[in-house]
Amino acid sequence: MSFRRRRSNRVRPFTFTGGRTRSRHPLMVQTLVSTSEPGKEPPSTLMPESINIYRLCRETRSLAEVSAELNIPLGVTQVLVSDLAEQDMVYIHPTITGSSPSENQVLERALRGLERLFQ
Amino acid sequence: MVSNDFSSDNRSNRKKMSSKIVIAGGFGAGKTTLVSSVSEIPPVTTEAIMTEASIGHDDTSITPDKTTTTVAMDFGRITIDDELVMYMFGTPGQARFWFMWDDLVRGAVGAVVVVDCRRLADSFDAVDYFETNRRIPYIVALNKFEGRLDYTAEQVREALEVSPEVPIIDFDARQRNSGGDVLKTLLRYALQHNRASEPVG
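Taken in sequence, the protein lines are chains S and E.
First residue of the first sequence? That's 0 in numbering that gives the first Met the number 0, and the numbers climb one at a time after it.
First residue of the second sequence? That's 0 in numbering that gives the first Met the number 0, and the numbers climb one at a time after it.
With the rest of the complex left out, here is chain S (with noise of 0.2 Å):
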């Protein structure tokens, strides 16, 4: 439908994403994020909101866990995170969606997991 806008049009430009507001990494709010070398300290030329997110990502964390627990907007969440992982800092982990069936099995061990802890 036409009239549906496109994301850019919806997220605030916020002025520290440099006026982008579209990330290059296909980020969902469920898409786990990892710090690559957590023993290292963040680069000092990080804005603030990175380095936070550097540090918290050194144990792995969902794009929304990551924007509640620093009281980020998501928008500006999957930017910021998209920006660290262009720069190797962060790695951006898998996401199951289900769409294929080569995904079944992981869908059948989500299930049976669930039958595990749900009896």
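Check the hints yourself; a few may be wrong.
Derived pair list, reagent style DSSO-like, types lysine-lysine, alpha-carbon separation capped at 27 Å [what the hints assert, rightly or not]:
| id | chain 1 | residue 1 | chain 2 | residue 2 |
| --- | --- | --- | --- | --- |
| 1 | S | Lys39 | E | Lys15 |
| 2 | S | Lys39 | E | Lys14 |
| 3 | E | Lys183 | E | Lys15 |
| 4 | E | Lys143 | E | Lys183 |
Computed, partial: chain E to chain S, Cβ under 7 Å [said to hold, decoys possible]:
| id | residue |
| --- | --- |
| 5 | Asn12 |
| 6 | Met16 |
| 7 | Ser17 |
| 8 | Ser18 |
| 9 | Ile79 |
| 10 | Asp80 |
| 11 | Asp81 |
| 12 | Tyr86 |
| 13 | Val108 |
| 14 | Arg173 |
| 15 | Asn176 |
| 16 | Gly179 |
| 17 | Leu182 |
| 18 | Leu186 |
| 19 | Ala189 |
| 20 | Leu190 |
Just so you know, these hints were derived from the structure itself, not from any lab.
Since we're looking at a predicted model, the values are computed, not measured.
Beta carbons: idealized from backbone N, C-alpha and C, even for Gly.
Chain S is already provided as a structure; the job is to place chain E on it using the hints.
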């Protein structure tokens, strides 16, 4: 410092992956109750900032300086095993935030529409969204308030125009195992859905 110790940890850590289930439904139907009863963490709220421009029917002429709106959504988490984490995301209740559903629904394994039978009309937007888009499998879960349901599943199916193949089940959002049954039903249906769409030969 001790980067070597971390790096070995990090390699096994990289196998971690995640998936998402969307919990939709009318305002007060029991979405957050369902998320909190199945989640291993108390539901977390995160905020997304939207520009008013994306809300077509909002008249901003009276308050021309108001340019953004904040939409909150709740989510919970279930750790399936060492490598797989599942998140449950509650969609914002109000229909005017439908544009946010696109972002939330993208990449979801499936969705649950929670229905309060006493207020069937409130669930119509959510059912309509998933019936129209057909991008992800969804099921309908009737929340038993005070332990009873005013309508049968088939009456609800007819009233909300739910497709014949979509499972409709009843549950109690306050009970963990009952909520778990909803998630299991969704995953079984999603698997069936995938098998059906598998190319032949």
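Hints, one by one, checked against the model:
1. S:Lys39 x E:Lys15: 21 Å, holds
2. S:Lys39 x E:Lys14: 21 Å, holds
3. E:Lys183 x E:Lys15: Distance ~21 Å between Lys183 (chain E) and Lys15 (chain E) Cα, so the pair holds.
4. E:Lys143 x E:Lys183: Since the Cα atoms of Lys143 (chain E) and Lys183 (chain E) sit roughly 18 Å apart, the hinted pair holds (cutoff 27 Å).
5. Asn12: 6 Å, holds
6. Met16: Holds: closest Cβ of chain S sits about 5 Å from Met16 (chain E), inside 7 Å.
7. Ser17: 5 Å, holds
8. Ser18: Holds: closest Cβ of chain S sits about 4 Å from Ser18 (chain E), inside 7 Å.
9. Ile79: 3 Å, holds
10. Asp80: 6 Å, holds
11. Asp81: Violated, about 11 Å.
12. Tyr86: With a minimum Cβ separation of about 4 Å from chain S (threshold 7 Å), the hint on Tyr86 (chain E) holds.
13. Val108: Hint on Val108 (chain E): holds, closest Cβ of chain S at ~4 Å, below 7 Å.
14. Arg173: 14 Å, violated
15. Asn176: With a minimum Cβ separation of about 5 Å from chain S (threshold 7 Å), the hint on Asn176 (chain E) holds.
16. Gly179: 2 Å, holds
17. Leu182: 5 Å, holds
18. Leu186: Holds. Min distance 4 Å.
19. Ala189: Constraint on Ala189 (chain E) satisfied, holds at 6 Å.
20. Leu190: 5 Å, holds
Going down the numbered hints, you'll see the structure goes against 11, 14, while the others check out.
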